[in-house]
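Protein chains in written order, with my numbering: chain A, 1 to 393; chain B, 1 to 393.
Where hints are given, some of them may not hold.
Since the list gives no way to pick out one identical chain from another, each pair is judged satisfied if it fits inside one copy or across any two copies.
Mimicking DSS-like on lysine-lysine, the simulated pairs with C-alpha atoms at most 27 Å apart in a straight line are [said to hold, decoys possible]: (1) Lys265 x Lys275; (2) Lys192 x Lys247; (3) Lys242 x Lys181; (4) Lys303 x Lys50; (5) Lys181 x Lys303; (6) Lys242 x Lys142.
Derived by calculation from the structure, the hints in this document are not laboratory data.
Number of protein chains: 2
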Amino acid sequence: MIGYRKILEQAARQMILIHDPDVLIRLIIKIVIKAIGLEHAGFLLYEEEKGYYTLTVSGGKSGTKLSEGFARVRRENPMVKYFSYGYRFWRDDFLIHSRIKRTLESKKMLKDPLRRQLLKELQYQMELHKAEVCLPCFFRDKLVGIVILGKKMKRKTFTFSELGYLSILASDVAMAIENAKLFQGIRIQLDKNRKLFLRMIEVLGGAIEAKDKYTSGHTSRVAVLSLKIFEELCRRGIVKKKNYQEKLRMKEMLHIAALLHDIGKIGIPEHIINKQGPLTPEERHIIEQHPVIGVNILYPLRKEFKDAILGIKHHHERYDGRGYPEGRRGCHIPLIAAIIGLADAYDAMTSDRPYRKALAKERAIGEIRKNKGTQFRPDIVEAFLNVLMREEV
Amino acid sequence: MIGYRKILEQAARQMILIHDPDVLIRLIIKIVIKAIGLEHAGFLLYEEEKGYYTLTVSGGKSGTKLSEGFARVRRENPMVKYFSYGYRFWRDDFLIHSRIKRTLESKKMLKDPLRRQLLKELQYQMELHKAEVCLPCFFRDKLVGIVILGKKMKRKTFTFSELGYLSILASDVAMAIENAKLFQGIRIQLDKNRKLFLRMIEVLGGAIEAKDKYTSGHTSRVAVLSLKIFEELCRRGIVKKKNYQEKLRMKEMLHIAALLHDIGKIGIPEHIINKQGPLTPEERHIIEQHPVIGVNILYPLRKEFKDAILGIKHHHERYDGRGYPEGRRGCHIPLIAAIIGLADAYDAMTSDRPYRKALAKERAIGEIRKNKGTQFRPDIVEAFLNVLMREEV
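With the sequences and hints as input, model every part of the structure.
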């Protein structure tokens, strides 16, 4: 098999597994430049949302290559019209600059002013894109893109066999692009759904919280602060995860747990939750049931949200073991729970409560520093202080 | 180009867009049988979860073709070992039954009992699968599957050019299968997340409901009944939707609305919700705020769940316009709201309430019949009665 064909066939085989249209086109252009020996090449990709073709990538020698994003080709562009409306001046699918020029110079053209006009426009467009050859990329009857080929190196000319081969490749590229777009579409959907899920939890968690008149916005703030502390712990290497996916999953569990950490309060009578003045020991005992009530509420989702539920259960444990419900200490408290515990304490101190006014930020920070190693896990306190410091700047 | 090559190349180009591995393999086998002229052909597909290869599809003349699911080939099978551990007795990748037979008959073989043993095993396996030729399908270094080719029609023999071509096709098939599996994987994930979303709503909605001591399990039952009524309305052509996707979306909105229809009750004081004995007009007025409170709670999600929120807002409207909050009548009440309204009323009647015992099922049905056209939309009553009748049987 001729050298360039072998290279291009291998490329065609692999491109189907690239699911980012940009990466895919970049690769193809690179391979075509190398296999055929071109000064530069580019690809005009149709962007559905925008309704026009953009030069997504362009490779080749600097100086000769076009700037990316430089070209924005509308559907009324003569090249697009030529390809998609099925005008055919030659037997093949290609637009070849030298051929257009030759045709325009022939005497026949003088009798056909309309055709002459279109050819002149095509010639102008090709020069604008420094194109020696343009190939259409069709998927079914949709013009997905246009391959732009610059001059060949050492002033060689294109052979028809090369062009024929490239035009088959172009339809493979069209299919790979469609495939990549489909993947991208589903991925975007997946991401959207995930965000919607968290927002729904936030809204429903917020509705529950609304019962507790004095804590409006509390869970959302605890969630935001917890996530920041988590990021800081990752930066400091304290959260060690095998891979990115694993870290993402843990972050999501923390997010869910933070949004729902007080969900169990729905099981506590209103008159205790909203009591003005200090609680009796019995009332305190009832309030301290809320982490376990939360666990019970989420019982049907115990498999899917195991780590989040542990975070809810233990967010009132203390580093020295004097917390509740289990009196766990030190590293026996799940990390998610310890993060939420600190964020919760800080937000509670800096908000008005039935029985006292909000503390100033500085005093709350002072309290947390003071309780480092007793109530709070030291490395989480450090991460927390760093987060606050960075926000101040 | 030779006939069969043209057919197979076209097939290779299209298969990437088929995202169901089963459909994909079925298509390929069909095309191969036709293009090469085979009595039958099949495909042993590796199934990751199971850890073995199964005959996913088999096409060809009945009588000659293998039964699907007939073959279950483990990784210790000599064919799998031959392909994946890189034993090579010949220069090419194929296992050809007639060639194995010839090799076994040659005198050389007597001196090599180990090799003879393996060849005999391979011969036996091929006969078991009625295979004249077997081709490996590799994706990178993973043996994704094995193509089984039966005899050619009219006792013709395979040419090496055919086999060479089929072996290239086999690697395209491997890639297409990988692609299809990836798609399937994401789709499954998407579906899982959707279900998890609904379950989370159910759990949180249930937690809110738990405040109302007398309605345990109410929202879940209303959701189940509402969905059944919806399905019945679809069957009767009363719900008319352009396509399946649209219907699915509406069903999901109904599901969400049904699970959250009473969410606004979280804004009503406990002493009114749980009051024993009749309500005063003022208390009644406060309780009647709950649909609008529900709308306010879900305000942050008003874009994504527009139809569900309308369902929540209007689930206490009446067909004759004497309901609340807006006194809408007839077709001005959203369908989702009207469905939930009926399911809600039925479930309330058949459950114990603070101020009365549950009604017998028959009496509740009688009440609904009686209020057809006044409180309830007639076609929904009909659908509801049909659902109950079917359940009885």
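Broken hints, by number | No hint contradicted; all consistent.
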